[in-house]
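Chain by chain, the residues:
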Amino acid sequence: MVNTTQPTADLSPAPTVKKIQDERLREVSFVTKIMRRPELGALAGLILVAIFFASTADPSMFTLAGIMNILSPAAQLGILAIAAALLMIGGEFDLSIGSMVAFTGLIFGAFITLSGWALLPAIAATLVIAAVLGGLNGQLVIRTRLPSFIVTLAFLFILRGLSLVGLKWATGGSTQMRGIGDQAGEGLIRELFSGNALEGAFAWLAANDLIGKFPNGTPTVTGVPVSIVWFAGFALLATWILLRTRAGNWIFAAGGDPNAARNSGVPVDRVKTALFMLTAAAAAVVAILTVLDAGSTDARRGFQKEFEAIIAAVIGGCLLTGGYGSAIGAFFGAIIFGMVSIGLTYTRFDSDWFQVFLGAMLLLAVLFNNFIRRKVTGER
Amino acid sequence: MDQDVPLIEIRNLVKHFGSVIALSGVSLNVNRGEVMCLLGDNGAGKSTLIKTLAGVHKPTSGDFLVEGKPVSFASPRDALDAGIATVYQDLAMIPLMSVTRNFFMGREPVKGIWPFRRVDFDYCDEVTREEMHRIGIDVRDPHQAVGTLSGGERQCVAIARAVYFGAKVLILDEPTSALGVAQTSMVLKYIHQVRQKGLGVIFITHNVRHAYAVGDRFTVLNRGKTLGTYAKSEIQIDELQNLMAGGKELQAVSAELGGMV
Amino acid sequence: MKSIVTGLAAAAALTLASVAPVAAQQNSRIIVVSHGQANDPFWSVVKNGVSAAGQDMKVQVDYRAPETFDMVAMGQLIDAAVNQKPAGLIVSIPDASALGPSIQKAVAAGIPVISMNSGSDVSKKLGALLHVGQDEVVAGRIAGAKLKEMGGKVGLCVNQEVGNVSLDLRCKGFTEGFGGKVTVLPVSNDPADIRAKVKAAVASDASVDTILALGAGTAGEPSVAAVKEAGKTGAIRVATFDMSAGFLKSVAAGEAVFAIDQQQYLQGYLPVVFLANYAKFGLMPGGDVASGPNLITKEKAAQVVDLSAKGIR
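Taken in sequence, the protein lines are chains A, B and C.
Residues in the first sequence are numbered from 1 upward in steps of one, following my numbering.
Residues in the second sequence are numbered from 381 upward in steps of one, following my numbering.
Residues in the third sequence are numbered from 642 upward in steps of one, following my numbering.
Just chain A, with the same shape it has in the complex:
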């Protein structure tokens, strides 16, 4: 409903007012406009990291196959990171998403192998259950007014434990559930959630020698892994929601200052609950994607992913205190993560040094980001 009530007296006639504005407003330079975007830091970080690897890593890292190799882990982490970023902007944390991946993987696997359901109902039911659990998280946080850190930390353990217990029950004692891929069947839904997209295009490219081939003729890269398509799609959707819709404004407001937001009529509780449901659903999507690709699930899926997702979001420009950030930033942050963790294996550095490198790069990326953001939002 557009409220166009005008004040009861008017001051200057409209056309003159507009003209005066244009003259008196300082020309905001293009560079400043770019610098203001929260994702600038993440993009710059990505370029820095890419340069580092371009000079130290095996050149095969930047071939088509190498890039897909980097984007795969980036995509799985990225879907979680984007959801975590939205929640962080809204002022909360969800530490249970890693365990949620394992738990929803278990539920999905059980629907397929134990209940014998078809793919579509299994996926739908898994998403619904995830959303309900997410909503539960959200309501607990809101009603108890405990920090979301604590509430979701509790769920981190509960869900991880339930995954273990559930797997053993479902498989009769093992902590791994196999054969899910075989029982899931083929078809359009399967194509949407596993395997590669654009396979036809890649086959054609290989046939015409535009991309590399194996000795037996199949292209080295058979297509774009579906998880990458989901990742990119989700990034676009999240960005549109954040920057162009009412809900996006509400998310920023709920995170920036929930009291001020409530006083302005923003439904803060609804927004936060919805965001918790989103992170849970994102975890479920990642679980479905990885379970269908791997054909199996185990009790350790998603382990520590909640922290990686938060780090990716922070690299992407999200403030831990909420109210500021970007989904595209989390997109780049996840790619940085993927690039660093896989990229180090393309170098000759001894693997003992990996964790040191990972931490150092993340720290650099975050510091750089911080510096840019302070300059731009006038923070002291």
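Hints are computed from structural coordinates only; laboratory data are not their basis.
No false leads were mixed into what you were given.
Here are the simulated distance ranges between beta carbons:
| # | chain 1 | residue 1 | chain 2 | residue 2 | range |
| --- | --- | --- | --- | --- | --- |
| 1 | B | K577 | A | I51 | 51 to 61 angstroms |
| 2 | B | K491 | A | L136 | 32 to 42 angstroms |
| 3 | A | R143 | B | D461 | 21 to 31 angstroms |
Result set (DSS-like, lysine-lysine): computed pairs, CA atoms no more than 27 angstroms apart in a straight line:
| # | chain 1 | residue 1 | chain 2 | residue 2 |
| --- | --- | --- | --- | --- |
| 4 | C | K941 | C | K869 |
| 5 | C | K822 | C | K787 |
| 6 | C | K726 | A | K213 |
| 7 | C | K794 | C | K890 |
| 8 | A | K213 | C | K766 |
| 9 | C | K794 | C | K873 |
| 10 | C | K838 | A | K168 |
| 11 | B | K431 | B | K548 |
| 12 | C | K873 | C | K789 |
| 13 | C | K951 | C | K699 |
| 14 | C | K840 | A | K168 |
| 15 | C | K869 | C | K822 |
| 16 | A | K213 | C | K765 |
| 17 | C | K838 | C | K822 |
| 18 | B | K548 | B | K605 |
| 19 | C | K787 | C | K838 |
| 20 | C | K789 | C | K822 |
| 21 | C | K822 | C | K840 |
| 22 | C | K822 | A | K168 |
| 23 | A | K168 | C | K794 |
| 24 | C | K787 | C | K939 |
| 25 | C | K921 | A | K213 |
| 26 | C | K873 | C | K941 |
Source: prediction; values computed, not measured.
For glycine and all other residues, C-beta sits at the position ideal for the given N, C-alpha and C.
Chains B and C: place on chain A using the hints.
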């Protein structure tokens, strides 16, 4: 509309919280085009009164009339719909968000059809620019974060927002208390503009000088009770101050310190 | 700000300088992708075997593993290795369906693959040339039989890496060889946590007379300590898979009965040797190589303690 009926009138308003008596008889009224200053020291019950007028609390007893008709607000939304806009001390402004986003928070205009409904930011930017110009905030871009505005500028934007969205009565809670001299005069100037538009303003403060600069009438609140309403012509600044502080003690301290406190 | 930037630039330059000469070489390069983290005492022995073989055979070797037990990440590491077109690839296979596609891609790309440590049952099917490792069920049975011989009737199997099929198989083999009642006790890989849990288990069930741990440093030593704290050394026989200096000392002192030497050094050493010879001369053994089990009892303990401290056994 009857010009003589006050926009807001409260008579003997009482508010209890369990065994605590926060308000024990508050009476005041505000007319169109007038600034009514509500003076009270800390602990006098100002914040409870504001919240009652804004619809956060329901009065335990007493009359609350808006434009002559008795009202009972179930939530702040009801008060807003009745035309009572409150600008709290924290301004309900979020420093990290842009001026435009803050201006239209909770009332974003949307265009397009579901599921592609998006906020009409072009319209919002236009309006925000105009409003900022009217306030006289020079050389500012509506996409700037509110955090980059000075305290006085933020206060004016908050007031402008309330006015734009159709407030008939503005309740300003200590708008100048944290501001320096130049910024205070900017805010007071804007309140004057708002009065000229025909709105009623309840200006709550414990600073008598600021109140005297812009007020038409003054009501003193002490320990949950109003001690009377005076027009500017009826009372001097130091008399007001004494009334506010409870009289004798302040005079004694003033004498000790050798000047006006 | 300037000083920080110059500092960073200097650091970057130093890093690049130290790494640049390496990028030039492209000899026989063998990549190992395993699920064992660098900080795990068991796997650092495997890594030592890999490095030693690399030196002895004069080939470049790289050891890669995910930060945690993450099958999805491990698959991606294998893909990364394949992209670098090494002369040979060595993998452990704790989850055949998750890792299968990546391993098959390696085979399709013409890279010779040898599996080690886990996945002996699926190794050939996925296209590996052979498997070097210890058959977990067989080893479990042998251990179980020995413990039964020693008089055991009620046992605990302490599993610290639940989710790893190999460890589950060890407990399974143990149950089969032992014959008596066996309960599986799941724990994390934090020694303090294991000690507490074992002590609690022993206190709550007084009939337990045998404890089999699946990892010496992680679970074996804390189990010995827990039994000591409960005052039941001697009454409860403690044995473990794999070895550590501490556990071997306990064996030498009579506080534990034996450790199973999987000889994981060979699991790192032998595949590198095989692949290096394959790359040079086309030579490859005709079947799987069993690296263990070797039951280290009190008699053999002393010699092995020395080597365990050096990260060789």
